[in-house]
Amino acid sequence: MTISQSSIVEKAADATARATPSSVARRVRGLSDRAIAWLFIAPAITLLLAINIFPLLWAVYLSFTNYRANRPNAPVLGVGFGNYQRVLNDPDIWQAMQTTAHFVFWTIVLQTVIGFTLAYLIDRKFRGHAFWTTIILIPMMLSPAVVGNFWRFLYEPQIGLFAYAVSLVTGIPTSDIQMLGNVTLAPWAIIIVDTWMWTPYVMLICLAGLRSIPDYIYEAAEVDRASPWRQFWSITVPMALPFIMLAVLFRGIENFKMFDMVTLLTGGGPGSVTEVASITLKRAAFESWATGRASAFAIILFVAVFGLANIYVKALNKVKQR
Amino acid sequence: MQKTSKALFGLATAFVMSSALPNLAKADELTLCWAAWDPANALVELSKDFTAKTGTQMMFEFVPWTSYADRFLNELNSHGKLCDLIIGDSQWIGGSAENGHYVKLNDFFDKEGIKMDDFVPATVVGYSEWPKNTPNYWALPAMGDVVGWTYRKDWFEKPELQKEFKEKYGHDLAAPKTYDELKQIAEFFQKRQIDGKTVYGASIYTERGSEGITMGVTNVLYDWGFQYENPQKPYDMEGFVNSADAVKGLEFYKSLYDCCTPPGSSNVYMVESADAFKSGQVAMQMNFAFTWPGLYKDEKVGGDRIGFFPNPAEKAHFAQLGGQGISVVSYSDKRDAALQYIKWFAQPDVQAKWWELGGFSCLNSVVNAPGFAKSQPYAQAFLDSMAIVKDFWAEPSYASLLQAMQKRVHNYVVAGNGTAQEALDGLVKDWSDVFKDDGKI
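Residue numbers (full-length UniProt numbering), protein chains in the order written: chain A, 1 to 322; chain B, 1 to 441.
Read the hints as simulated data drawn from the structure, not as lab findings. Yeah, the Cβ is synthetic: ideal placement off N, Cα and C, and Gly gets one too.
A partial selection of chain A residues facing chain B, derived with a Cβ cut-off under 10 Å:
id: 1; residue: 73
id: 2; residue: 157
id: 3; residue: 271
id: 4; residue: 273
Listed next, the stretches of chain A that the computed footprint assigns to chain B, with coverage defined by at least 3 CB atoms under 8 Å from CB atoms of chain B:
id: 5; region: 61 to 72
id: 6; region: 166 to 178
id: 7; region: 262 to 269
id: 8; region: 284 to 291
From just these sequences and the hints, can you work out the full model?
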């Protein structure tokens, strides 16, 4: 801060102090540092409680009731663990969880492998690497609504480029390449789109990890005549691992909540093969208006994600400490 | 001191004025909520007469079909005051009546001399009554709609195709009257080259996310004998929903999907079906009647090139009802003005103009007028279709019932899982669970 800036701040503080009524000033003077600190963070904490904690607690309460949001005048009765029991015994919900797990697993595997590979290549700093980094990042910058519609057209068997390209390579007629209407292919159609969109994100995090490795370590390895392969497995991968794991954590949490892309591409179909947990939850909460049951399902999902993420973060911390 | 007082007074006045002025302006406004589609534009045009007559400005809140139910059911459930009037979907009537979202209109109708006998009976049952078939009215029939078909009249009239078709099937290539004929025509056109382009048989509803495939499948199932429940015993569905005839109907729908739809038809509803027709992909298209005026005006497929026909028959002859009634939202502060709009809208001359502008009137005096059938190329098909309508459940839990049907039917028809019998047996189980939850069985 320059001298003139500091004098402006001092003048402003002085003016504020003089304008403060003496009764208020006396009270403030009596406050401890801790109390003043609390005073400053109180608005943020109040907002956090109102926006995050209260709805969570309210959802926990609703999960033990038969409340339906579309019948506000009906009596709200406690049902104990009835909603939880019903959710956990519902084969459709287990099917949705299985579908979600399938998406999360494959998107993470593909995005991590491709993202890390791209980061590794970009990190070589070849001619034009900045340009290619920007190009690779484009899908991530698009809105999911745009991406969903864009890919729906690409997957069109009659006019879509995707079907045309596959047909060109395999010789299969384009009308037979029905990515979104085929039970086997539809889940993969969504995995492909999510991977296309979010691999750049993983790449960015991996790139940050790779760039954080000091050059002198590689120089020392070269002095020791370590092969590039050995350098990769003994230096690059272990040192970038915390970043890779962080990317996996972020993508895992995000993909567990996958909703927009599935809704836009398949609406949960064909049949129910792409109906992920978030779609089932939305249908229960905002179409069937089974608010109590949907709350129980949401709490179960929350506990599952929170629990898994916690275990994962502990593993991540151990890797960082190595 | 004086200056400070004046400044404070000025500020206070400005605050009072700024908060009061919009209220003054809003007192003469009504907001009508509906879906964003062609008929809504016609209603905007029509409502200018209401404004001219009463001085009440009409504001419109139109939401795309994909978020129409979510948006407005949320609004009603949260007792929102956004909508003074709402044109709500026919299935909402049960829930909206039981949950107090709509104003009951019986006394108002009696006072103003509005008679439900003046409207097409099926639309009164479908859009206004809850419980069904009782004289309890929650809406005025506003937009008649029904699933029907359009076809490429110009293709049907090609002499070489007529000749080939007659040789193959033994009858003329014309708008089908039965489902057998419809399937023959669809098969005939499937993957045929017309004007150097590969075309397909028919576009039918297969959408999974909202209500698409249900609207398409029921349209066909009714004709095979599917019934929602035992006419003698409410909510007794075994042997009615999953009767042998209903199974055959569902098998037919799947066979039509498998044999005769364009590639990539696994998630088709109103827009996609109209697009398939407009782009010259299909010979026939299943769609709600509201799409017909727009298609008739289309430069590529409209005019002399398009024909309209009601749902074909099988053992019975029905068509899936669409459309909506107009209701006054009970949370509105402007109920009286909203009721005045309904009174104005119910007038025969306004209803006649509604039809002229592209809306589908449900008033008998309009649809039974001598020149009505010839007033538009699609008027006769609309009349014939409205005479055979049947609607999905309008129970307060209709959404749960709909979700179950979407899933079971899509699983069988599009995904090809299991049999038609298993799909309908599963549907009976799902629907029974919903009614058990509601304490109805």
